[in-house]
Structures are given as structure tokens and as C-alpha cells.
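Going down the list, the protein sequences come from chains R and B. Residue numbers for the first sequence, in the working numbering: 1 to 432. Residue numbers for the second sequence, in the working numbering: 1 to 161.
The hints are simulated quantities; they were obtained by calculation from the structure and are not laboratory data. Please read all numbers here as calculations on a predicted model, not as lab measurements. One or more of the hints may lead you astray.
What the hints assert, rightly or not - Selected chain B positions facing chain R (in silico; Cβ < 10 Å): (1) 25; (2) 64; (3) 75; (4) 84.
Said to hold, decoys possible - Among chain B residues calculated to face chain R with C-beta under 8 Å, some are: (5) 11; (6) 15; (7) 21; (8) 32; (9) 35; (10) 38; (11) 45; (12) 46; (13) 51; (14) 54; (15) 69; (16) 71; (17) 120.
Ideal Cβ placement from N, Cα and C applies to all residues, glycine included.
So the chains spell out like this:
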Amino acid sequence: MTRPSENIRDWLEATSGIVGVLLLVQVATGVLLAFYYVPSVDHAHTTVSYIEKVVSSGAWLRSLHHYGSQWLSLFVFLHVIRLFLTRAYASNRVQWIVGILLLGLVMAAGGTGYSLPWDARAFFSTRIAEGLMAGLPFVGPMARLWLLGGSDISTITLSRLFALHVLVIPACVGAVVVLRLFRANVAEIFGPRHAIAGGVVFLLLALWCLKYRAPLGPSVAAMPIDYVPRPGAQFLWLYQSLKFLPGGLGSLAGVVLPGIVLTILVLLPWLKRQRLIAGTILGVMGVLVVAMTTASYLSDRNDPQTARQLAIQAAHEDAWRRESFTPAPITLATAMAMSVETGSAPGGQPNMYIKFCAECHGLNGEGGQLGRLRFPPLIDVSTKPRRTSDDIVGLLKDPAAYGLQPPMRSFSNRLTEEQMKEIGEWIVTLKK
Amino acid sequence: MDHEPSRRSFLKLVPLGILAGVFASIGGAAFRFLRPRLSAATDSWLDVAPVAELTGPQPLSRKIAAEQIAGWAINIEEHNVFVLPAKDHQVLSPVCPHEGCEVAWDQNTNRFACPCHESYFAADGARISGPAPRGLDRLPMRVQNGKLQVQYVTKEQATQA
Chain R
1 MTRPSENIRD WLEATSGIVG VLLLVQVATG VLLAFYYVPS VDHAHTTVSY IEKVVSSGAW
61 LRSLHHYGSQ WLSLFVFLHV IRLFLTRAYA SNRVQWIVGI LLLGLVMAAG GTGYSLPWDA
121 RAFFSTRIAE GLMAGLPFVG PMARLWLLGG SDISTITLSR LFALHVLVIP ACVGAVVVLR
181 LFRANVAEIF GPRHAIAGGV VFLLLALWCL KYRAPLGPSV AAMPIDYVPR PGAQFLWLYQ
241 SLKFLPGGLG SLAGVVLPGI VLTILVLLPW LKRQRLIAGT ILGVMGVLVV AMTTASYLSD
301 RNDPQTARQL AIQAAHEDAW RRESFTPAPI TLATAMAMSV ETGSAPGGQP NMYIKFCAEC
361 HGLNGEGGQL GRLRFPPLID VSTKPRRTSD DIVGLLKDPA AYGLQPPMRS FSNRLTEEQM
421 KEIGEWIVTL KK
Chain B
1 MDHEPSRRSF LKLVPLGILA GVFASIGGAA FRFLRPRLSA ATDSWLDVAP VAELTGPQPL
61 SRKIAAEQIA GWAINIEEHN VFVLPAKDHQ VLSPVCPHEG CEVAWDQNTN RFACPCHESY
121 FAADGARISG PAPRGLDRLP MRVQNGKLQV QYVTKEQATQ A
């Protein structure tokens, strides 16, 4: 019989098994996503939508990759704390250094991965990465240009983040894992306890992902002007901290400080007063992350305007998931051939009305409701002031100028003048 | 102490079993995820040209545009076809039935030549010589409102038919 305290100690060691299994899941799901994903600003969102809506098991596998990365960040952090508690920095230097490096690499993978779907969240996350780079002392402007691959965010930026995310960072993770397994007894590193802990966490993650879909916001091209982005759970601490930090200080908190902290932790085996240094750093990190993450949840919940906007966005995403997938043209010639989409359905509705408006306002303009959102009927709308067919064209371009609020948004980059005119002329004919 | 060795070897199997379970669940999803999607066979009629413009003794090279949907992408693919005005406007696929290279019409020798493996075809598409197993495939055609129209058939579809 082992004493209970030894038993707990044995089970604490299983954190490395959880990290190992989650790493394997990230690699497997990442490889699979790459079979459909295209890293270019005009197709990234389309291919991710295709994975979500059309490909069998696509939504589940993407969910595993998305939430798996958040769980992995959490468990790598817990793993580092466990290594600290068992004084691995003194007894097993390689294990300690590998743990710290993995923490940095997993956060880097999460940061680069956020940009890849090229939805509204990705766009803002890329903007923030740009800002964090630009604010660095001395090297800021240069670092920004190198990250973007040019003077502005472009499809080159997306390619760079893609290469970092799927080639460079995984290669570094692989090297770190090889370093850990080299000359080690694998049966000892991955014993029954590690396997059971890893298996249980995988089972929970798999069930979680059956229930929760990885989020996907509107594409950058169709992004509403009032979109409110929120990062993934593992970056909420940074997001919340940036609210309090002006300009360059954000770069210090988001890049320089984490860099210094990781460097100190990597060098810890060669430092004196190890217990004090690592204990202080990990303690402050833990408290900060928990406090900032909680604060960000609370501030979103307690601010009615933000809460409403987030609810609207969630309703939009639900509606988007119910829409069937439309293939995207891949050559300019195809796009031009498809763009002259005018004409009417047998019921008299312009084709573009059916495509863009009917989902919310009803196939015959009868209005509708979606969750907590109500969409006004269009029947008899021409009897109201400022609702001639010309007004409707103007309204489709700039809803705010006609006193309308989101979720109604501008369609000026979706519809041609002719298509808007067709819709306007049809809507004014709708009578009770 | 007798059962100790068997217990140990069982414990060794636990990690393998759990890993196998993780991979089996992802593997099953991966199989469905990667399974190729067959695009529905299109039997749409594609315009070639007004019949009145297709005259003369020689085979005429014309382009047709077919809409192709591949997964998330939609594309208008251009295909070459050969119209035989002297043969009631029959339409030949230029795809060599051997390995699928596109044949060219050689005016000097009055025959189609495959650039890859030296198969030759007569002006009506019949096989003359070379490794091709049959003559050039004929595409289904019709004349609608004075316009010649065809259905595009791939080499694989023609081979199965």
C-alpha cells in the first residue's frame, strides 16, 4: 500500500500525459483542417465555412482544434506549476525547460492561429498583433513590417501567420518534444496514470466539442462597422490588461514582459533562490490571469450595451449557421459571370432579395423574429416617410442615415446599384 | 506475488489502449472528413457556336465553358472541342483515350496527332495508329435555335460507357 500523499503526488505527475494527448490532438486535427483550408484573404473564410457546414465531422474537428488549444494552454500552465511544486527545475532540468518552452510555444500557436479563419475576430486579432509589434521599444516599426510582410495587413500577412502556425511553431514543438523523449524511458514518461488522465481529458474535450461549435464571425469583407470582437479564453487576460495600458505599455505587457518571464524561467536551473523567483513569478502570473479573465467576463456581462451587441452577434452567427453553404468563385472570369445576378423568382421577389433579405424580413416581406431580435415587416413600408424606392436604395447603402440600427447593415459591398434598385422597386409594391 | 507479472503487462497495455481509443475516435472522423465528394454528373447543354458559322472541310477547334463545382469552389472551366462541319457537325473531345493528353489537328498530314505518345487519328476521329485503345470520343450534341450545343464528357466517363 502506498501512503495517500504519495498517491496524490503520482497523480499530479499525470499533467504531462494530459499535455501529451492534447498536443497529439492539436497535430492530428490541424493536419486534417489543412486538407481544406486555404490561407488567402479571399478564400480563408470560405474554406473555413465549408469545413463548418459541409464537410462531415468538420465542425467537430475544428472545434477540437479551437477549444483544444485553449485547454492545452491551461494544462501546460498547470503542468509548469506541477513541475515547480515537485522542484523539477533542480531534479530534472530538461523536463523543466521543456515545460516552459511549451508554454511559450502553445501561446504563440494560439496567437497565430487566431488570424487564420479571417473572420472579424481574426481581423482584430491581427490588428492587435500589429499594434503590439509596433509598440515595441527600439525595434517596433521594423518588427511590425516584418510581421505584416509589407506596410499594411494583407494576404501576405495571412500567409506569414499560416507558415508560422503550421510549419515553424509545430517544428519547434516537435524539437522540444524530441528533446524531452531523447534517452528517456517512454514507458515511464507515459505510464498508465498519464494515459488515464490524458484519456479522461480527451473524452471531456470530445464531448464539449460535440456541444459547442468553434466560433466563426462574419468575413472581413462583410464585417459590420459596430462589430465587437472578443479573443479566445487563453487571451482574455491580455485583452483585459490592454484596456488599462496606453500605447507602448501594451507591447511591454503583451510581448516584452512575457518574454522576460519565460527567459528567467528557462534559466531558472542555473539561478540561485529558485524557489523564491519561480514561486513569485508563477504566483503573480496565476493571480493576474485569473483576475483579468474574471474581470473581462464580468465587464461584458454588466455593460448592457456590450451584452446586447454580443447577443446580436451570437444571433447572427446562429442565422449564418442555418444558411446553406454557397460555393465561391475562384477566378475573376467566374466571379464576373456570376455577378450579374438580377431577375426575379416566380413569386415576384428579386433573386437578390431572396439571397440577402428574405432570411430576416420574410420571403414576402412579412417580417420575422430570430431569438430576441425582431425584424420589421416591409409590407406597406412605402406609406411611411422617406421610404420611396430611391430611399430604399439609399437605406441599403447606409442604414444609419435612415435611422436604422444594427442588425440591419449596409449592403453596398454586396449588391450592385442595379440589384438594389430592383429590390427597392419591388418592396414599394408590397401592399396588404 | 504470482499475479504480479500479468498485472504488470496489463498495466503496460493501458496507455496503448487509451491512445488507440483517442486515435480511433479522431480517425473515424478523419475518414468521413477526407472522403472525396463526387460532383453530380451535369447533363447541361453548353453552347459551342451558331451552326451557320461552322463550315468548311477541316475540323474546327472551338472552346466551351463548363461550370465546375469542386467542394467550396466554383469555377468556369474552358474545354477545347473539335467540330466536324463535314460530318453533320459531330463534335469530338480532344482528349486522347490513351493517357489523356490533348490532341492537335495537323493540317499538313490531315490527321489528329497526340503530343505525348504518338497516337494518330483520322479527320473523323477514328484511330490510325499508336497506343490509343480507340478513336477520339464523340460528345453528345444537338442543334437548338440554330446553335450547336454539346454535353461535356470526360475520358473516364467515356471509357466506362
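Structure-based check of each hint:
1. With its C-beta approaching chain R no nearer than about 6 Å, residue 25/B sits inside the 10 Å limit, and its interface hint holds.
2. Because the closest C-beta pair between residue 64/B and chain R is about 14 Å apart, greater than 10 Å, the hint is violated.
3. The beta carbon of residue 75/B comes within 5 Å of a beta carbon in chain R, closer than 10 Å, and the hint placing it at the interface holds.
4. With its C-beta approaching chain R no nearer than about 28 Å, residue 84/B sits outside the 10 Å limit, and its interface hint is violated.
5. About 5 Å separates the beta-carbon of residue 11/B from the nearest beta-carbon of chain R, less than 8 Å, and the hint is met.
6. Checking residue 15/B against chain R: minimum C-beta separation of about 4 Å stays under 8 Å; hint holds.
7. Interface hint status for residue 21/B: upheld, as the beta-carbon distance to the closest one in chain R is roughly 7 Å, under 8 Å.
8. A hinted interface residue such as residue 32/B counts as satisfied when its beta carbon comes closer than 8 Å to some beta carbon of chain R; here the least separation is about 4 Å, so the hint holds.
9. With 8 Å as the threshold, the beta carbon of residue 35/B comes within range of chain R, its nearest partner Cβ sitting at about 7 Å, so the hint holds.
10. The beta carbon of residue 38/B comes no nearer than 14 Å to any beta carbon in chain R, farther than 8 Å, and the hint placing it at the interface is violated.
11. A distance limit of 8 Å between C-beta atoms decides the matter here; for residue 45/B the minimum to chain R is near 17 Å, and the interface restraint is violated.
12. Here the hint on residue 46/B is broken, as its CB sits about 13 Å from the closest CB of chain R, past 8 Å.
13. Interface hint status for residue 51/B: violated, as the beta-carbon distance to the closest one in chain R is roughly 24 Å, over 8 Å.
14. Annotation: residue 54/B was flagged as interfacial toward chain R, and the flag is violated, the nearest CB pair being 24 Å apart, outside 8 Å.
15. The beta carbon of residue 69/B comes within 5 Å of a beta carbon in chain R, closer than 8 Å, and the hint placing it at the interface holds.
16. For the restraint placing residue 71/B at the interface with chain R, the shortest Cβ-Cβ distance is roughly 6 Å, inside the 8 Å limit, so the hint holds.
17. Interface restraint check for residue 120/B: the shortest CB-CB distance to chain R comes to about 34 Å, outside 8 Å, so the restraint is violated.
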